[in-house]
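Number of protein chains: 2
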Amino acid sequence: MRYSLLFGKTLNRPPKEAETVSHKLLTQAGFIDRQLTAGIYSYLPLGWRVFKKIEQIIREEMNAIGSQELLMPALQPKELWEKSDRWDHMDPPLFKFKDRHEKYLTIGPTHEEVITDLVARFVKSYKDLPLALYHIQDKFRNEMRSSGGLLRVREFFMKDLYSFHTDEKDLDKFYLRVAAAYKKIFSRCGFETKMVEASSGPIGGDVSHEFMNLCETGEDSVVYCPKCDWAANAEKSSVAKCPKCQTATKVVKAIENGHIFQLKTKYTEKLGAYYIDKKGNKKLITSGCYGIGLGRLMATVVEAHHDERGIIWPKSVAPYQVHLIALNVPGDKIYKELEKAGIEVLYDDREEVSAGVKFADADLIGIPVRLVVSDKTGDKIEWKERAKSQTELLTLGQVVDKLKNEKTA
Amino acid sequence: MRYSLLFGKTLNRPPKEAETVSHKLLTQAGFIDRQLTAGIYSYLPLGWRVFKKIEQIIREEMNAIGSQELLMPALQPKELWEKSDRWDHMDPPLFKFKDRHEKYLTIGPTHEEVITDLVARFVKSYKDLPLALYHIQDKFRNEMRSSGGLLRVREFFMKDLYSFHTDEKDLDKFYLRVAAAYKKIFSRCGFETKMVEASSGPIGGDVSHEFMNLCETGEDSVVYCPKCDWAANAEKSSVAKCPKCQTATKVVKAIENGHIFQLKTKYTEKLGAYYIDKKGNKKLITSGCYGIGLGRLMATVVEAHHDERGIIWPKSVAPYQVHLIALNVPGDKIYKELEKAGIEVLYDDREEVSAGVKFADADLIGIPVRLVVSDKTGDKIEWKERAKSQTELLTLGQVVDKLKNEKTA
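Protein chains in written order, with our numbering: chain A, 28 to 436; chain B, 28 to 436.
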């Protein structure tokens, strides 16, 4: 992509409303627009590329544990939410409105009602279970206060997975597989993650865990054991020593990026989701649900990976692999060669802009590798990684090989 | 995918509410669920795969004409729609509701307001133009009567592209490029398409065209010239001879799947979107918008491609490339070999089901190629195309080669 043609260039300064680091950097670097209205954002082309990479990582890990992707609607009828007794009790509340037939609808913040109703009609027997279904879909929350850019919004994409089982033992087993998949997703996005016990809130169930991604600017604190894998929300735990192995605990800052719940029969009972067991008896289906907010995860990546000059994207979710800058010499040929080799390139081809501005923009945008061609680099290319300070001169062939090896690594 | 594990198997009969062929077949074959409430549907895993293929075709053709993908939100504030004077005048009307701050919001049926506001803030000079931006996004229409399954709904995914230009001449040029891209999209989805002049309705502008995909079950009629490329809506035209070349015209049934508009300065004026021209003068930006409904397109494919036994998916949008059936012999090895070769396989591995049911389900689901292994096929595989009646016996290697050649064709 030629930077001269890209919609959503860097801004001189972040919007006044931006308070968190991620909000400042994502808007100033041209990944998201300023808010359209409280807690509602457009993703600009650069930001949408990062979103799509995060989405694909999540999709791959959900498919790897045998989940099937589908799509449920945003619009949902009141009747379903009355069955689950949540029409009046969700917090943050539902957006509610009437259609032209005077029937109440909501735009869903979550899909336990819709999926349980669907499964109730399609699942007949124990042979149809277990079953895991997910979608990556636009959701809505009537928040009183939205803040922090993409960290707390009123409209957001969520990957929500729902699983259905004959019994709690099978749910337990799958719950652990999802937990492992979540750790893999967050690890691929560049995080160290702690899984902690959580309160299940308006979703319900009595077993629930949150995934806390370590991040110095995080609002939450996690107390953990450096020896075994024990961890807990610091608010909820004032433990001085690890309850598992008695090692002295440590406390770190973190941001919550995933929440999983053993719903058991909470929704299947209310919505009538049964199966026939091997003996011919009618039994309630047991279920779990598992969520990750994609925009919040993107913002958390920036909270955890930046310096005073800008974002430092992990390779896995960077909008492009390399940021090519040409100074006083033509860069078009190298740009085309890199694209031909299958490398994702953002090419700063602006002629009227100084080297200093180009370098500052590259640091702000945060693509992992910066390539410079100039009258000083001769027939070579200067390679510099965003997270490092040293540079090296490489041939085009060496650049391509290095990038291709990284991609398949 | 093993059919025994697939969520959303075939039904014995379509739901009573289904009137159109596409609604009947898509629900009975397990592509979509019955409606959750009027005009609101879930896509089951099979249907979601078709959706994703159509989405990718559209994305490729949009990118090929230099458009950039982004994402705008569904929630939109009243103020923007008052600026364009459409808050009270859209038809079908907007869904409107208040948030907890008593501020009115809508969930958008279209994005002229949001994109023009965005462009007004980012575009400064003639150097930033032309510009083409699109998203593929969930939209909402407060229809009084929704009907026909995915053909007329209240919630739907739309690809909406918006273009911005210095003048009408440049808009004209891009408008023709979009028209060509649309014909390519519909051709890749298996259609012959006629582009006809249209009324611009609540979107506005005075130049507008619809893309009519020929289909015997279509509600619309198109009168066209078999010699030159002239075509018009039959309702609007009672021409007995082609006005361009005087050849006798023909009339065919069709379904509208795309609508493009030269908005010119309708929205840029109301939302204040200007640029500075080469001479330093402030001028209004000229714009166009271009839409395709993805669910409606999927339903139209089925309307155009089916027989009395079920759907006949074009290869480009089929949920899988082959439907493998094993009768009285194990099929697992061939299934794995095909998957290993990168072939998309739906494998009917059900043991308790008769050959007759498996064949009927394969015809209903409509995957382009059916492969059968049985005690009669020996070490070969029976190849049968859904649209043809003859069969042939091939080795696994021949099957793989044939499918791979098709994919790259």
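Take the hints with a grain of salt, since some may be wrong.
Any copy, or any two copies together, can satisfy a pair, since identical chains are not distinguished.
Claimed, not checked - Capping the alpha-carbon separation at 16 Å, the derived lysine to aspartate or glutamate pairs in EDC-like fashion look like this:
#1 LYS125 with GLU106
#2 LYS154 with ASP126
#3 LYS363 with ASP247
#4 LYS429 with ASP359
#5 LYS363 with GLU243
#6 LYS36 with GLU96
No lab work stands behind these hints: they were computed from the structure.
When no copy is specified for LYS154 and ASP126, does a C-alpha distance of 16 Å or less occur within a copy, between copies, both, or neither? neither (40 Å within a copy, 45 Å between copies)
Could you figure out if LYS36 and GLU96 sit no more than 16 Å apart (CA to CA) within one copy, between two copies, both or neither? Classified as between: cross-chain Cα gap 15 Å, same-chain 34 Å, threshold 16 Å.
Alpha-carbon proximity between LYS429 and ASP359, which holds within one copy, between copies, both or neither at 16 Å: neither (20 Å within a copy, 39 Å between copies)
When Cα atoms must be at most 16 Å apart, do LYS363 and ASP247 count as within-copy, between-copy, both, or neither? neither (46 Å within a copy, 46 Å between copies)
Tell me, please, which holds for LYS363 and GLU243 at an alpha-carbon limit of 16 Å: within, between, both or neither? neither (40 Å within a copy, 46 Å between copies)
Identical-chain pair category, LYS125 with GLU106, by Cα at 16 Å: Result: close within a single copy only, 13 Å intra versus 21 Å inter.
Violated hints for the displayed structure, listed by number in ascending order: 2, 3, 4, 5.
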